[in-house]
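As they're listed, the protein sequences go chains A, B, C and D. Counted the way this note's numbering counts, the first sequence spans residues 4 to 342. Counted the way this note's numbering counts, the second sequence spans residues 4 to 342. Counted the way this note's numbering counts, the third sequence spans residues 4 to 342. Counted the way this note's numbering counts, the fourth sequence spans residues 4 to 342.
FYI, nobody ran anything at the bench for these hints, they're computed from the structure. Hints are supplied without guarantee of correctness; some may be wrong.
It does not matter which identical chain is used: a pair holds within one copy or between any two.
Below, simulated DSSO-like cross-link-like pairs (lysine-lysine); rule was C-alpha separation at most 30 Å, straight line [to be verified]:
no., residue 1, residue 2
1, K280, K118
2, K53, K272
3, K168, K144
4, K302, K110
4 protein chains.
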Amino acid sequence: MLKVGIIGATAYTSLELIKILLRHPEVKITYLGVRRTDRPKISDIFPALKNLLDLTCETIEQKEVPKDIDLAFVTLPPTISMQYVPLFTKKGIKVIDFSADYRFRDKSLYEKWYKAQHTDSKGIKTAVYGLPELSRNEIKKTNLVGNPGCYTTATILALAPLLSKGLIYPEDIIVDAKSGVSGRGREPKEDTHYCECNENIEAYSVGSHRHSPEIEHILSIKTNQRVSIQFVPHLIPMNRGILCTIYAKPKDKTISDNDIHKIYNGFYKNEPFVRLKEGNEFPKTKDVIYTNFCDIATKVTDNRIIIISAIDNLIKGASGQAVQNMNVMCGFDEGMGLL
Amino acid sequence: MLKVGIIGATAYTSLELIKILLRHPEVKITYLGVRRTDRPKISDIFPALKNLLDLTCETIEQKEVPKDIDLAFVTLPPTISMQYVPLFTKKGIKVIDFSADYRFRDKSLYEKWYKAQHTDSKGIKTAVYGLPELSRNEIKKTNLVGNPGCYTTATILALAPLLSKGLIYPEDIIVDAKSGVSGRGREPKEDTHYCECNENIEAYSVGSHRHSPEIEHILSIKTNQRVSIQFVPHLIPMNRGILCTIYAKPKDKTISDNDIHKIYNGFYKNEPFVRLKEGNEFPKTKDVIYTNFCDIATKVTDNRIIIISAIDNLIKGASGQAVQNMNVMCGFDEGMGLL
Amino acid sequence: MLKVGIIGATAYTSLELIKILLRHPEVKITYLGVRRTDRPKISDIFPALKNLLDLTCETIEQKEVPKDIDLAFVTLPPTISMQYVPLFTKKGIKVIDFSADYRFRDKSLYEKWYKAQHTDSKGIKTAVYGLPELSRNEIKKTNLVGNPGCYTTATILALAPLLSKGLIYPEDIIVDAKSGVSGRGREPKEDTHYCECNENIEAYSVGSHRHSPEIEHILSIKTNQRVSIQFVPHLIPMNRGILCTIYAKPKDKTISDNDIHKIYNGFYKNEPFVRLKEGNEFPKTKDVIYTNFCDIATKVTDNRIIIISAIDNLIKGASGQAVQNMNVMCGFDEGMGLL
Amino acid sequence: MLKVGIIGATAYTSLELIKILLRHPEVKITYLGVRRTDRPKISDIFPALKNLLDLTCETIEQKEVPKDIDLAFVTLPPTISMQYVPLFTKKGIKVIDFSADYRFRDKSLYEKWYKAQHTDSKGIKTAVYGLPELSRNEIKKTNLVGNPGCYTTATILALAPLLSKGLIYPEDIIVDAKSGVSGRGREPKEDTHYCECNENIEAYSVGSHRHSPEIEHILSIKTNQRVSIQFVPHLIPMNRGILCTIYAKPKDKTISDNDIHKIYNGFYKNEPFVRLKEGNEFPKTKDVIYTNFCDIATKVTDNRIIIISAIDNLIKGASGQAVQNMNVMCGFDEGMGLL
């Protein structure tokens with residue numbers, strides 16, 4: 004049994020991570036770390052876990068690494084995470100980090116967007132971006148994975164086939180993204196007050212969301228061209244789920260729906276967690292929430308290709324993907340605990 | 004034109020109050036007071052008011068009373084309110100107070116439940132409980148109204164006819180109440196986080212909600228008997244609306260649906276804001292939200308009378324009722340601005 | 004008092020229309036027509052109207068026109084509406100039609116999209132498109148208004164200033180639209196089942212929504228150029244409200260946020276129902292629902308202008324706009340009953 | 004591997020059942036039957052199942068029994084179910100029936116409430132009521148289980164400890180129940196239209212819900228006394244979850260919270276799916292949805308005991324409980340596939 008710890012156990016993503024890990028036959032949760040000192044039981048923080056996991060959360064310290072861990076899921080916020088991750092990797096403990104701290108190969112890009120100096124230069128250089136559909140072989144060999152953002156996952160999986168084949172203009176892409184409220188985190192703020200979110204839709208961070216450079220950075224590296232996107236996220240009155248509606252311009256205006264379907268079918272033919280929709284069926288977030296699936300459909304119109312993708316932001320956009328990465332890193336069946 | 008001020012302008016109830024007052028033909032809002040010092044425009048706090056009311060909010064002070072006000076709506080929290088109300092009443096300004104500070108005739112009862120000494124003994128003694136359906140004549144003559152709580156309004160209107168006629172046992176009453184989230188106020192807390200409220204229902208303050216003594220106190224006074232209720236409130240994933248399902252025991256077991264309908268029809272026959280439902284139709288909160296109506300239905304079963312009432316907690320449960328009280332106090336048509 | 008009738012009284016838009024008209028000081032509802040024969044009271048169909056309007060609905064017939072009507076709001080479905088409208092106009096009764104039957108100047112375009120022959124050639128030719136912000140003078144003089152679609156209103160108001168000034172490429176516009184469920188009508192279908200809509204977002208009619216040609220048609224006429232849009236609507240788990248996120252390409256890449264703000268401020272400076280947002284504030288549907296406002300914000304990014312608009316689909320997108328049109332047609336103050 | 008079939012595969016409960024069975028290590032779904040003739044793939048009906056189960060649904064006929072089934076889950080509506088169940092039992096196939104057809108030992112009671120003659124007298128006599136917490140030993144030995152209703156499960160589990168010990172008056176019990184909309188089934192009706200349910204709460208079937216006699220019948224049998232309840236269900240704007248707030252009268256007025264906790268802890272001490280809450284924590288439906296748990300809390304007040312229970316109506320209230328019953332019937336670990 005692989006012994007795993009969660010560093011930052013009180014996040015919404017951690018709750019989902021725990022639920023998945025409890026169903027995983029090869030894993031045992033041996034440690035839960037929190038940045039508070041009162042040592043609560045995890046089932047007091049999340050009563051949903053009562054009778055399932057009644058472990059006490061330990062206070063994480065910046066000097067010590069908990070014993071008895073083979074792999075750590077770090078679910079701390081960006082800029083905090085990099086203070087802890089090196090402690091684990093130095094001891095030979097595998098790490099899957101949920102923050103943005105290990106998602107960029109370009110340190111200066113990170114520092115520009117996260118407005119902080121990156122203190123783990125070695126880590127950021129060696130970390131692998133944990134999107135198994137694009138980097139499975141690198142993930143197999145690494146000890147440090149930067150787990151992708153939720154919007155990023157939905158967008159990259161939607162665009163990778165077309166960009167890889169050079170079929171669309173890489174600098175004329177619009178991503179109109181819609182997310183449930185759990186994407187805003189668990190801290191109570193005016194933004195997340197029930198009466199502010201319910202019966203409301205709004206755009207936010209227009210022209211300045213941090214997932215925008217992450218998407219461009221990764222797609223540029225993975226498809227060998229300068230990719231530039233226009234990204235606008237919206238907040239939707241639902242707990243979980245992301246839908247991305249993407250507008251791309253084909254280089255060849257005679258390309259057909261059928262052509263595109265073939266490309267996507269080829270690109271994702273062996274992927275257990277990508278499902279393609281055809282025949283005027285389009286993704287619904289309700290079909291992917293509580294699962295690790297990404298559903299994708301495409302539609303050719305007059306002078307655009309529309310690509311629509313849906314994921315659960317907490318699962319394929321965070322905790323499910325992290326477990327998928329763990330499975331790849333540790334040689335387990337990739338769908339273990341996730342199907 | 005009556006010049007009115009709102010003391011505590013940033014509450015959800017104040018937004019609703021402003022919207023109603025803007026449609027009232029005899030009233031002009033001349034003052035908005037807040038307990039902060041940055042003098043925001045009300046339309047910056049509530050963008051819904053842009054182009055409708057762009058007044059600047061003034062900092063309220065405990066010594067001065069704003070000039071140019073004939074009537075003040077005080078929407079401050081309990082225990083804070085009583086620090087301001089006497090300043091207004093002393094100057095001859097009419098006051099309608101939204102907190103619990105002027106709802107109890109019995110000072111000690113207030114002090115027990117609100118865990119604070121009441122500092123305005125004269126006010127609490129002379130204030131009139133502002134439920135026009137039960138106290139219209141007293142409201143006409145007073146300068147100080149204690150505006151009822153939301154659960155209280157829905158419960159008292161549902162029970163008053165039966166208790167007044169002595170038809171049910173006054174100490175064997177169960178009130179199972181359900182409220183939308185705006186009832187919890189505008190402050191962001193874990194309790195009001197979207198993801199905690201959405202797709203969830205829960206009971207709270209079981210056996211200890213502060214509206215419970217208010218209901219008992221007022222019903223006892225108004226119906227001349229010791230009324231005791233079992234009150235359990237629940238939080239419902241919706242913005243606004245309250246439904247109370249009330250279980251009472253008839254003294255006469257042969258009483259019929261028809262008998263009860265006659266009693267309610269008689270009791271409320273001239274009331275503009277009470278609507279009675281018959282023939283197996285029951286109140287839905289969606290029919291009363293954004294209105295000042297209270298919808299009520301009754302049903303006789305084996306050994307109980309079930310009474311169901313619905314109001315908008317922010318309108319008939321707060322701001323609409325306050326305007327109704329103002330109309331009564333000032334001799335306007337009672338439905339002015341409210342229909 | 005203007006005597007008005009509603010032909011098709013059981014639609015969601017009719018309920019909103021009735022509520023507005025009841026507050027309108029110059030109007031009396033004298034007739035409600037329905038396409039069923041059981042003559043229900045309107046307050047039985049919509050219990051929210053109890054005590055407000057208890058009128059009996061009459062069965063509409065294709066031969067007779069109800070007496071005692073000065074103006075008819077026709078809220079029947081497309082292709083049905085044109086069977087009734089001419090009966091009214093022939094008698095000199097003013098008509099505001101909610102369907103698409105009188106929105107197109109080009110009969111063949113209508114027939115292509117609505118898959119039916121248009122049987123009122125004279126009507127479709129003389130009808131005025133009822134968007135007061137663009138056609139106020141024509142509306143003043145007409146007896147027959149085609150009331151705009153909801154998506155159409157939000158999109159046209161967002162784009163008109165830029166297109167009128169020739170500042171964006173008219174054939175490179177993307178409209179990503181999001182609507183509450185009331186936009187789908189009142190008929191129970193799998194699509195509108197609570198459990199299918201709640202906790203879900205999905206795109207629909209991708210590349211084939213009927214509001215797409217309406218938007219292109221009207222914008223082309225009004226701004227004298229061939230406008231072509233890419234329109235994708237989405238269904239959002241909320242009752243009402245539309246948000247349109249629009250991506251346009253500026254002809255002059257050096258155009259600034261400030262330039263754009265000036266243009267919008269100039270274009271809409273005397274409009275009572277258009278509110279412009281600046282300074283990184285963006286529209287929220289919660290600020291416009293239950294009102295006749297359209298809130299608009301713009302943002303210049305690298306190579307796009309993003310325009311975001313929000314309306315209540317049932318008010319500014321239907322019934323409020325119809326009353327605004329009535330006010331213009333009848334010489335009432337334009338905001339009467341709507342503010 | 005146990006070969007199971009689902010008869011009535013298009014219900015919401017069937018979707019949940021399939022998801023659970025796919026994770027069950029000892030079971031294989033070999034047959035899906037539907038009452039329509041077009042033989043759809045289950046993943047076309049429920050796109051959420053794509054890549055998980057792409058089985059074709061077969062048309063069920065009243066004469067033949069599908070081959071290759073060891074156990075049948077029958078999810079047909081009441082009065083239809085009993086036309087199919089005997090075909091299976093006769094062939095020695097185990098049956099777990101979701102309708103009310105096999106929940107009553109008293110045929111006449113069933114016939115009164117379901118307004119139909121019961122055509123399987125032998126079945127109704129021998130069927131076991133499938134609430135493992137109360138009837139585990141009988142379930143072990145039977146071939147035919149009547150799976151309990153959702154409200155019934157939540158109510159019986161809440162009341163059984165107190166009634167079994169004779170601590171409350173069995174004829175003075177009030178059950179105020181609240182359910183998500185999936186409890187109303189998948190058929191589109193005015194009742195289940197999104198805009199009718201969202202932002203609304205209402206009571207329904209006041210004094211006449213069919214779960215009322217089921218609760219009384221089973222509790223009377225299981226606790227050897229005539230139990231009579233006052234049951235009022237409410238519809239809550241959420242997809243799934245039931246909360247029951249129950250008001251009972253203690254025979255001994257000196258009974259304490261602590262006494263009650265001991266009784267519940269004793270009664271449920273070995274139950275894997277009942278979780279008890281203490282210390283002023285009360286059940287929230289969000290903690291039990293997507294699980295087979297029933298959370299219960301109690302509170303003693305002046306002259307009542309309040310018991311609150313929460314389940315997922317589709318899991319512990321239907322499909323999860325059915326799998327729990329299957330596990331008991333087949334000798335599998337009781338939590339298999341459910342934890």
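Outcome of the hint check:
1. When the C-alpha separation of K280 and K118 is checked against a cutoff of 30 Å, the pair qualifies only between copies, where the shortest distance is 28 Å, while the shortest distance within a copy is 40 Å.
2. With identical chains, the CA atoms of K53 and K272 are at most 30 Å apart between copies only, with a shortest distance of 14 Å across copies and 40 Å within one.
3. In this homomeric assembly, K168 and K144 come within 30 Å of each other (Cα to Cα) only inside a single copy, at 26 Å, whereas the closest approach across copies is 57 Å.
4. Taking CA atoms no more than 30 Å apart as the test, K302 paired with K110 passes between copies only; the shortest distance there is 29 Å, against 37 Å inside one copy.
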